[in-house]
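Residue numbers (this note's numbering), protein chains in the order written: chain A, 4 to 150; chain B, 4 to 150; chain C, 4 to 150.
These are calculated hints, taken from the structure and not from any lab test. All of these numbers come straight from a predicted model, not from anything done at the bench. Do not rely on the hints blindly, as some may be mistaken.
It does not matter which identical chain is meant; a pair holds if it fits inside one copy or across any two.
Derived pair list, reagent style DSS-like, types lysine-lysine, alpha-carbon separation capped at 25 Å [what the hints assert, rightly or not]:
{"#": "1", "residue 1": "Lys148", "residue 2": "Lys111"}
{"#": "2", "residue 1": "Lys146", "residue 2": "Lys80"}
{"#": "3", "residue 1": "Lys147", "residue 2": "Lys85"}
{"#": "4", "residue 1": "Lys85", "residue 2": "Lys146"}
{"#": "5", "residue 1": "Lys111", "residue 2": "Lys63"}
Now for the letters of each chain:
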Amino acid sequence: MPSRFALLALLVLISTSLLAQEREYYVASPHRNLPFSSGVLVGDTLYIAGHLGLDPQTGKPPSDAEVEARLVMDAIKKVVEKFDMTMDDIVMIEVHCTDLDLYGTFNKVYRTYFQGAFPARAFLGSAMLLRDARFEVLGIAVKKKLP
Amino acid sequence: MPSRFALLALLVLISTSLLAQEREYYVASPHRNLPFSSGVLVGDTLYIAGHLGLDPQTGKPPSDAEVEARLVMDAIKKVVEKFDMTMDDIVMIEVHCTDLDLYGTFNKVYRTYFQGAFPARAFLGSAMLLRDARFEVLGIAVKKKLP
Amino acid sequence: MPSRFALLALLVLISTSLLAQEREYYVASPHRNLPFSSGVLVGDTLYIAGHLGLDPQTGKPPSDAEVEARLVMDAIKKVVEKFDMTMDDIVMIEVHCTDLDLYGTFNKVYRTYFQGAFPARAFLGSAMLLRDARFEVLGIAVKKKLP
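With the rest of the complex left out, here is chain A (with noise of 0.2 Å):
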C-alpha cells in the first residue's frame, strides 16, 4: 500500500504534465525579423517551420542538389536538437521538391538522419519554392517520455 505521500507526489507529477503545457519559441534568425519561428514547443510537440537549404555565404540554394538536401535536413536536425530531441522524436515530415527527379538524391541524404523507423511524410511537387529552393521541409516532432 503506498503511502499518502506516494499518492500525493504522482498527483504532482502528473498534474504538473498536464497542467504546465508549456510553450517554447525558437527563432534561428532573429535578426533578419521574419514573421515565424524556426520551431514552436507546445506540451510535447515540436511544430517545426519549413526550411530551405541555402549556402549560409551566399544565402542561395548551392549548385550540388545533394548538398542543399543535406543542408536543409541540417536546417531541420538544428531546431529537433534546439529542444533537446532527437532527429528520431519526427513523426511526420513534408517534403515539397521542385524537381521530382530529384527523389532519389534526397531519399539518400534524407536516410541518413534517422537511426530508428523512419517519419511518415509526403513527398510533393511544387511549381517554385523561396529563394529559388529545390527543396522546402517541414515537420512535427513528439518528445520521448521516460527515455
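The hints should help you fit chains B and C onto chain A, whose structure is shown.
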C-alpha cells in the same frame, strides 16, 4: 497533508481533462454542403482547414493582393475565435501562394494578426489554387491552459 | 468516500495513459525499402503519410480519375484501420491535386468515406506529383477515447 477530499477533487479534474477528449466541428458555410469542416477541435488542439481570401460579394479573390491576404487571415481568425482561442494560440501555419513575389505583401498583413511570438510557418509556392486564389492558409492551434 | 485501492487504480490508469506514450510505426510496403512509414501513432495521434492512388497491377495512376480518388482514399483507410481507427477519427486532411477541375470528382468519392462530421481539409493545387499521380492525400487522425 491534503485531505482525501482534495485528493479526490484533483483526481477528477485530471481524469476529466484526460478522458473527456471532446471533438467539436465548426462549418463556416453549412449551406454550401462541402465535405470538410472549417475547424476541428480535439482535446486542446484545433485543426484549421485551408482557407481562401475571397470577396464575400463576388466569391472571387479581390483584385488587390493585400486585401486578399487580409481576407484569408480574417477567415483563419474567425475559426480560431469560434473555438474561444486567439491568433496567438496558433502554433503552425502553412501558406500556399501562387506568386512568391507576394511574400513581402503577405508578411506585412500577416504580422498584424499576432501579439506575441509567431507560429512556426511554411510559405510554399503553388502552381494554382481553387477559385484562382493567390493564397491558401491552414494551420494548427493549441488552447492555452490555465489562462 | 473512495477506498485507497480505488484511488490507486485510478492513478495507475492515468499515469499509464500519460507516460506510456507509445510509438507505433506501420510500413505498408516494407519490401520497397523507402525511407518513410505509412503511418506513425504517438499517444493517441496518428500521422498518415502522403498516399497516392496507384493501380496495384501497373504501379501507375489509373486512367479514370474517379478510380484514382477511390484508390487513394482506400490507401488512407487501410492505414487508419491498421491502427484500429475509423475514417471518422481523422481530424485533418491535405489533398494535393494536379488538376483543380477534378475538385468535384474527388469530393464525390471523398464524402462516401465518412459517416459523421468531416475532418478539416485543405485542397491544394500542385504542379506535379510522384508517379504522375493526380492526387496525393495525407492526414492526421486522433483515436477516440472511451469508445
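Exercise for the section: Against the structure, test the hints numbered earlier, and report the numbers of the ones violated in rising order. Expected result: 1
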